[in-house]
Structure formats: C-alpha cells, structure tokens
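*Asks:* Each protein sequence line maps, in turn, to chains L and B.
According to the numbering used here, the stretch in the first sequence is residues 1 to 189, in order.
According to the numbering used here, the stretch in the second sequence is residues 1001 to 1652, in order.
These aren't lab readings, by the way, just hints derived from the structure by calculation.
None of the values given here were measured: they were computed from a predicted structure.
Take the hints with a grain of salt, since some may be wrong.
As the list claims (entries may be wrong) - Here are the simulated DSS-like pairs of lysine-lysine, each with C-alpha atoms no more than 27 angstroms apart in a straight line:
1) K143/L - K1294/B
2) K1456/B - K160/L
3) K1248/B - K26/L
4) K129/L - K1373/B
5) K129/L - K1318/B
6) K1373/B - K98/L
7) K1294/B - K26/L
8) K1247/B - K26/L
9) K26/L - K1244/B
10) K143/L - K1318/B
11) K1366/B - K98/L
12) K98/L - K1334/B
13) K160/L - K1314/B
14) K98/L - K1382/B
15) K1382/B - K143/L
16) K1466/B - K26/L
17) K1496/B - K1208/B
18) K1314/B - K143/L
19) K1309/B - K129/L
20) K1378/B - K98/L
21) K160/L - K1294/B
22) K1284/B - K160/L
23) K26/L - K1456/B
24) K1309/B - K143/L
25) K98/L - K1316/B
26) K129/L - K1314/B
27) K160/L - K1309/B
28) K143/L - K1456/B
29) K1382/B - K160/L
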Amino acid sequence: MVIQSDIMLRGDSWNLAVNELAPIFKTRTRYSIYLLSTAIGIAYDKQIVELEKTETVSADASNYPSVPRTVFNQNNVPFDYLFKTAILSSDCVNLIEKERLRLAFEDEDNKEDLYFTGGEEAGNNEFNKILFLTGFANFGVTKLIENIGNTNLETMENLKEYLNSIVEGNNVEISDMLELKDDDFESLL
Amino acid sequence: MRINRIEFENFRNFKGHNELVCSTDGKVTIVYGDNGDGKTTLHQLFQWILYNRVHFNNTSNNKMYNLELEKELKYGDKFSVKGSMDFENSGESYSIRREWVYKKDIDDSAKIEEDISMLKKDDDNNWNRINNPEKIIEELLPSGLSEYFFFDGESMIADLKVKGKESAKKLRHAMFTILDLNLIENAVTHIGKTDLKTTALGLLYLAKSGSKDVNNTEILSLKGNINQLQDRVNSLEKDIEEAKNEKKIKDEFIKDVSEHIGSFKSKRAYEKARKELIDRRNLKISESENAQVKFGDVIIESYPYFLMKTPIEKAKYKINLELDNDELPSGLTKELLTTILRDKICICGNTLSEDELKTLRLYTEKFPPYSYKEMYSKLSLKAEFWESRYSENGLDTLIESVINNNENAAKCDIEITELDNEEKNKDSDTEKLITDRRIAEERLYELSDIIDNLSKNLGEVNAKLKAAMNRYDKLTDQSDNNKAINDKIEILSQVKKRLEDKLDAVSIDYSKKLELSIQSLVDIMLNSKRSVTVSKDFTVRIVDNHDSEYKSEGQFAIVSFAYIGGIFKLLEQEVGLRGKEYPMVLDGPFSKLSSVHKSNVINTIPYFAPQIIIFSKDDLQNDFEKEKIGHIWTIISNEEKNVSELKEGFLW
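Just chain L, same shape as in the assembly:
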C-alpha cells in the first residue's frame, strides 16, 4: 500500500495521544500511534469516519498531527496485513464476499473497479483504503487515550493490561459487542 499524501490525524484525541504517549512511542511517534490505533479499531470493528466532528474544537487539517507519507510508505507492511484482515472481517462496510476478497488479495496492477458505499473522499469507483483504515484508527485512538496514566510507568502498565485483554479475549467491551451481535443474529432467525 503506497500513499501519495500525508495522513491527517484530525481531532483532539490525536493531539492528546501524540503528546502523552510520545515518551513511550518515541520511535516514529505519530506513525506508531496511528498503527496501534488502527489495530485497536479493527479489533473492536468500530470506525469513526470524521473524528473532529465528534470533538470540541473544529479545526483546519494543518493543526493536527499527521503521518508523513514517506514514513508510511517505508513502513507499510503491517498496514497491508491490517487492511486485509479488516476488509475480510469488518461489518463496518457493506460489501459482498467476492468484493472483500478482491480488495484484500488483488494485486495493485490487477485491480477491478469496485463500488464502495462509505467515505466521501473515495471516488465512486475506487475504494479508499487509507480512509477505511483511518476510520478504525479514529475509533482506536479514543480507546488508546483511556489508558494514559499519571506517569509513564502507569501508562505502560495500563497499555499492557488493556492490549493483552483484547488479545486474550478478555476485553469486556469487545465481548459485549460480540454478544450483542449474536443476539441480533438470533432475533433475525
């Protein structure tokens, strides 16, 4: 996945995350926080398409942090993996199975035009992968900042507990969401 412009991280949550977590994610801070937030959003299968509209200060894009395209393009391998997983698994997009598979596995030079219903920035015939991922990241960052403690050590412990709870399937919020979806499914039967 190669991008042509920087990824704007709009919304105060991004500023807070970048400011508070920089001492821990010192290496490529904004890239790292964006990556982790995206993964968290995918794990929850929740997106916020435009984070700034849900937050207090409306702002021009230039005032928020961004992930430079050069940094992203040099370190884009995890994002390919995240995208494949998200497009195959997410309920946030309304796509048929074949479309999901094509988007996940189609080679860039062999892609077919696909219609995507979400995201204003994507053209009618083009799926905007970054917009899709940033939706997850926008949600993920709101969860990430809940782990900021009074000291860096406290933040580290919170992050470890929180991330492990997701990986080990013990995260109550995610479990509740899954249960709710099962109920919905049953009611449909």
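Got chain L sorted already, so can you dock chain B onto it with the hints?
*Replies:* Same frame as chain L, but now just chain B:
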C-alpha cells in the same frame, strides 16, 4: 572613555577607603592579586559603580559590604558602601559616585538607602551635578557591551565552551544596541505577528469583522477565544523561559559548588564518591527511559499483529462458503498452473492430453480473481505465527526494568543525601554549600519535568489557537469590510520583511567583519592553524584542519582573548563609532597559557583598546615591555581573606 581613578569604601572584602589610579596614556595598568584576594571583586566594582550591577560567583557570600566592618558595629548603626569613578571622555571630565547605606540589624544588615550622582567639570574647572547619569553612562559605555569592556576571561571561556548560542545572542544584542540597530529590531518586534495581540499586526488582525450573512456571534466568540489562547501561549512561553533560566542557574550553581568543594584536598574522596553516585543515578534514569522506549517499540512491532487474531478468525466465517468449496492440490500455485496450461507440458515433462488440460482449467477458477483460499491460508498462517510469539512479548520484563531502574535511581538519591549528611557533620564550613547543592539538584530534576509538561501544554494550546484562527480567517475573509484591514496587514508585513532583510544584511556584514578580526588575532596568538567562522547570528566556530572544534584549556583561553579583541577591533573600525573610546578591564586567564601563547597574547593586548586595566594572579612584570607598563597595584589580604587593601606597586 578613559578611567582616571576609582575610589571605594567597604566594598566586599575591601574594608575602609581604597583607591586605584589608572594609566590613561596607553600604558597598561596591572592589579595583582592572589586567589581569593579580591580581583574579581574589584573587577565587579567597575560594573557596580557604572551600572548598579554585580555578578558574584555563587560560592561566595552575596553581601555587598565588608563583613568585618559589620561585626564591629552596634545594632542600629548605619554604614555605607561607596564607589566613585573619575573618567574622561572626548576631552571632558566626569565623576560618577554610587552609595548604598545599610543599617545593622539582628539577623542581617538591611539596605536602607541608595544614591547615584554624576558630576561634570565645566570650562572653569567647576564640578556641576548633571541629571540622568544612567542615560549618559549608557551613551558612553552601553551596558549591553559591559561584559566585553569588563572582560572576565574565566566566564568567557565557560560561555564559549557551553553556551555558544547564548553568547551569540548576547553579542548580537550588544552589537545592535551600540550600532543603534536595536531601533530597527524594536520596530520589527512592534509590528509583530498576527497571532500576537500585543503587536500592531495582532491588533489589526483582531479588528476584522464578518459580513452580513456571516454569523457575527461566532466571530465575537472566536475573538474571545483567540485572545484567551494567545494569553495562555504567552504565559506558557514565559513560564518555560523562566524554568529554563532557573534550570541554567541551578546547573551553573551545582557546577560551581562542586568545583569549589572539590578544590579542598580533604573533600576529594567525598566528591569522587558523590560523582560516582550521581553518574550511577543518571545511568539508571537513562536505562529506565530506554526500557520505556523499548516497551513502545515491542508494542508497535508485535501488537498490531496480535490484535488481528480475533478479526482473522471472524473473517473465516464471513468468507466461509468459498473456502469450503475450494480444493486445490497441495503446492499448486497460480503461476505454475498458468505455465503448464500455456506450454501444455506437465512438470514431469510429458505432453498433456486435452482431458488433462480440461481438468486443469477447472482449477483456474479456484485462483484469484475467482478464489482466494491460498491467500487467506497465508494470512491465517501469519496470524498463527504471531499468536505463537505472544507469550514471549517481554512487556513484563521491560516494565520490571523501568521499575527496577527507577528504584535504583531513587536509592542513589538516598545514598547521595546520606553521603552529604555525613560530610556536613564533619565540616561546618561547607555544610551550607552541600545542603544548597542538594536542594539545587532536586530542583533541577523537578524543573526538567516542569519544562516537559509546559512544552506539552504549549503544543496543545498552540494547536487550538491555530484552529481558532483558521476558523476566524474563514469567517472574516468573506467580508468586504475587511479589505482595508487586510491591505494594512499586507503593507505592514512587507515593511517588516524589509526591516528584517536589512537586519539580516547588517548581521551578515558585521559577522564577516568580526570573523576577519578574530581570525587575524587567532593567527597571531595561536601558533597552530585554526580557521574562524562567525555565522550571521554571531555564533563563533573555530576549527582545525580536520574540522574539529576540540580545544585545550589554553587554546580556549586564547580563543577568548581573540574573541574579545575581535569585538574591540570591530568597534574601532565602525565608521559611526570612530572617535569613541572604550576601555578594557580584563580579568584574564593568563595562568592557562603556555609561555609562548602568553607572550603572543601580551604582545597583542595593548592594541585591543586605548586603555587596558589587567587583573592578574601571575607575575607579568617580565612579560610586558617595561615602557608599556603604567600604574601597578597589589591587593594585600589577611589570612582569612576577609579584609583586603590595595597598595601601589608590585609587592610580591
């Protein structure tokens, strides 16, 4: 300006009345004094009389008066510290006198009065009092350049070593003051910028209004926000600046105290042990920070993959149908199948029959874009690979490392305090210094955290300010009412740009002149080849052939002489300043120089300024040519070094 005579009373360790007569005929005046006799005190006396400003070494007491005199007095008695300086400037004679009056109290003597007066001799040799002495001094000998007129070699070396940028800033400011360029600089500051409401551009910016169809209530509210946010930015910047200054002062204080305590033989073992503890503490803090960063790296390297475990399982159910129906022979890839079908030859070498080709063609449908089973399997395998690594993520170890290193650093702190307490009990002389140093160190750690937090806060407020300003711009830009304001902003911005360009050009010009001056002095005084560059912000860089800035103590001393000499030479060359004379009062680091360098420096110094007054702890009698030496004085002190007097002649 040439100084004829200085008289003073009860100034620090100089009890009673003393007098220093200086040569004004181009010969060098030398004041000899041993360590602690009061050379720096006398050097500071000049600045106290002229500018009401003193900067004493932090390790000394900060009382301006003589402590022995104070002891002899009764409570309630008044006493004075006085200083006067007679000088000539452009053929006219002046006398400036400063006095601080104290009253002895139970705890401390309090300053109850201070006075300054200045007299000028008229054509009939009568002394007349003149108004506003500070203004006249500022014109004759600008305070911005006082550090260069009253040159403290040791401080200059320290400045050049560690405070390059700051020294440059100070020099730039001083040069601009003396060349009247500060007026232009002030104009630039006054014009300011649109995001600073206290400046012309800031005021204009906030005077904009909205058009009829724009929500003016929002504009008003945004103006209020911008105002508040600008106040917050200013206050945060001020707090950061203050914290940084305090940090610098504490840092210097700690360094000074450590050097001072370390100079006692009996304290060397203690200082060594203490330094080791400080180093160990700093190492632990740094290891803790490293573990913290490693923790972040480990999370980023692995957790995005770990977190994909559940979504990948979920994906399997979403694409269940295709996966179950797909059955491909193991090892068959799309590339292989395409080749076989194209060549119609099996991998064993046999030509394939039409039936075999038909069967193989059916497999085509099981590859992308018709089927993705293999690809999904790869994705799943990757997830399994990462899952297998989850238990070895090492986050606990890194958290433990942070905790242990923090605890060890805290232990070092306790040991340092214990060591200090033990040392304090041994010796009451250094007790206060040891206590003060520890307090300063603890404050230093606090200040680092304070600066970090303030900077973080500033970043957030600045982002909010810019956001509010962008919104304000969007709302006001639509209005025709703001055309005149926008035009004014544009014009003022252009004026500002022009002034900045002028300052820039002048800075480049003077920095080049300074570069040449310093280079010529370095060439004369230093035997080895060094090349000097002075950047337009007046940062001085002196490097050898290998572009290395390394210098020995002696070389640093030479560089400091060349630096000061270069500044004087530049002032002398400046057309607007021709005819003006500046004295040079030099507390020089001669002891750091080798005999060859010392001889080079001494031969050059008399050409720096029309009047040179040197303070020295080294015998320079045989270094200067006899005819170049004018008045000579020696400071004589008692054993306790708390009562000194100045006597004429070389008395060692």
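*Asks:* Please go over all the hints and tell whether each is borne out by the structure.
*Replies:* Now the hints, each set against the structure:
1. K143/L - K1294/B: holds (22 angstroms)
2. K1456/B - K160/L: Distance ~24 angstroms between K1456/B and K160/L Cα, so the pair holds.
3. K1248/B - K26/L: Holds, because 26 angstroms separates the two Cα atoms, which is no more than 27 angstroms.
4. K129/L - K1373/B: Holds: K129/L and K1373/B sit about 22 angstroms apart, inside 27 angstroms.
5. K129/L - K1318/B: holds (19 angstroms)
6. K1373/B - K98/L: OK: K1373/B and K98/L at ~12 angstroms, within 27 angstroms.
7. K1294/B - K26/L: Holds: K1294/B and K26/L sit about 9 angstroms apart, inside 27 angstroms.
8. K1247/B - K26/L: holds (24 angstroms)
9. K26/L - K1244/B: Roughly 23 angstroms separates the two Cα atoms, so the pair holds.
10. K143/L - K1318/B: This hinted pair holds, its Cα atoms lying about 26 angstroms apart.
11. K1366/B - K98/L: holds (13 angstroms)
12. K98/L - K1334/B: Given that 27 angstroms is the threshold and the Cα spacing comes to 18 angstroms, the pair holds.
13. K160/L - K1314/B: holds (24 angstroms)
14. K98/L - K1382/B: holds (22 angstroms)
15. K1382/B - K143/L: holds (26 angstroms)
16. K1466/B - K26/L: Satisfied, since the Cα-Cα distance of roughly 25 angstroms is no more than 27 angstroms.
17. K1496/B - K1208/B: holds (21 angstroms)
18. K1314/B - K143/L: holds (21 angstroms)
19. K1309/B - K129/L: holds (21 angstroms)
20. K1378/B - K98/L: holds (18 angstroms)
21. K160/L - K1294/B: Distance ~13 angstroms between K160/L and K1294/B Cα, so the pair holds.
22. K1284/B - K160/L: Distance ~23 angstroms between K1284/B and K160/L Cα, so the pair holds.
23. K26/L - K1456/B: Roughly 14 angstroms between the alpha carbons, so the hint for K26/L and K1456/B holds.
24. K1309/B - K143/L: Status holds; Cα separation ~19 angstroms.
25. K98/L - K1316/B: holds (13 angstroms)
26. K129/L - K1314/B: holds (20 angstroms)
27. K160/L - K1309/B: Holds. K160/L to K1309/B sits at ~17 angstroms (cutoff 27 angstroms).
28. K143/L - K1456/B: holds (21 angstroms)
29. K1382/B - K160/L: holds (22 angstroms)
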